[in-house]
Amino acid sequence: MSVWEIVLIGAALAMDAVAVSMAGGMAEPRMSMGKALAMAVTFALFQFAMPLIGYYCGYAFSSIVERIAPWLSFFLLALIGGKMIADCVKELREKRSPEQIRPMLFPHNPPRRSAFLGRLLAQGVATSLDALAVGVTLLAAQTSEGLPFSVLACAAVIGAVTFALSFAGVQIGREAGDKFADTAGLFGGAVLIAIGIKLLAEGLM
Numbered sequence: 521m522s523v524w525e526i527v528l529i530g531a532a533l534a535m536d537a538v539a540v541s542m543a544g545g546m547a548e549p550r551m552s553m554g555k556a557l558a559m560a561v562t563f564a565l566f567q568f569a570m571p572l573i574g575y576y577c578g579y580a581f582s583s584i585v586e587r588i589a590p591w592l593s594f595f596l597l598a599l600i601g602g603k604m605i606a607d608c609v610k611e612l613r614e615k616r617s618p619e620q621i622r623p624m625l626f627p628h629n630p631p632r633r634s635a636f637l638g639r640l641l642a643q644g645v646a647t648s649l650d651a652l653a654v655g656v657t658l659l660a661a662q663t664s665e666g667l668p669f670s671v672l673a674c675a676a677v678i679g680a681v682t683f684a685l686s687f688a689g690v691q692i693g694r695e696a697g698d699k700f701a702d703t704a705g706l707f708g709g710a711v712l713i714a715i716g717i718k719l720l721a722e723g724l725m
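In the working numbering, the protein residues as written are 521 to 725.
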């Protein structure tokens, strides 16, 4: 697995966080720099931690992972990517107007600091659960073809990509409305499936 593939995985995993960040920017056009940074940092930390948790949980079963590594990488990435695409299509079909969605995600009245942090942590968990499975994928890739650097560094790259994209997402949401947020999941899912197919092909050659 190459450095660029790690970056692409990070970008794909970040799509949910980007969509939430864009929604935040749309709902609060005058969001302070501190709040925008808090969103980006929170999403980045969760996307950094979840692959490590998945990796070390999978490490306990490394002997099994070694035998099925190519198929495991493909299955997990295809599953995550397919789920992202399906969820995005479902949301597009059932899409409510921005006026209906924004009050649910980001109430009109500014919340108290504790309420904001609590909601932000919940969003951080919700947008990073897929990264748990990617941690197992990293273990499988390390076993079959190797990683460009340590799993800690790989997770740091994923976190850094998430931070950059989430922070940009807030700014885009403030300026460009919700047209990009609608299809972010389609792009992210397609990237994960493509990488999964590549890993399977390389493992079977």
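One should not assume that every hint holds.
Straight-line C-alpha distance at most 20 Å; calculated SDA-like pairs for lysine to any residue [said to hold, decoys possible]:
1) Lys603 to Ser522
2) Lys603 to Val711
3) Lys718 to Val645
4) Lys718 to Ala646
5) Lys555 to Leu565
6) Lys718 to Ala531
7) Lys718 to Lys555
8) Lys555 to Ser664
9) Lys718 to Ile588
10) Lys603 to Ser664
Read the hints as simulated data drawn from the structure, not as lab findings.
Which numbered conditions among the earlier hints are violated in the structure presented, ordered from lowest to highest?
Of the numbered hints given earlier, those the structure breaks are 1, 3, 4, 7, 8 and 10, listed in rising order.
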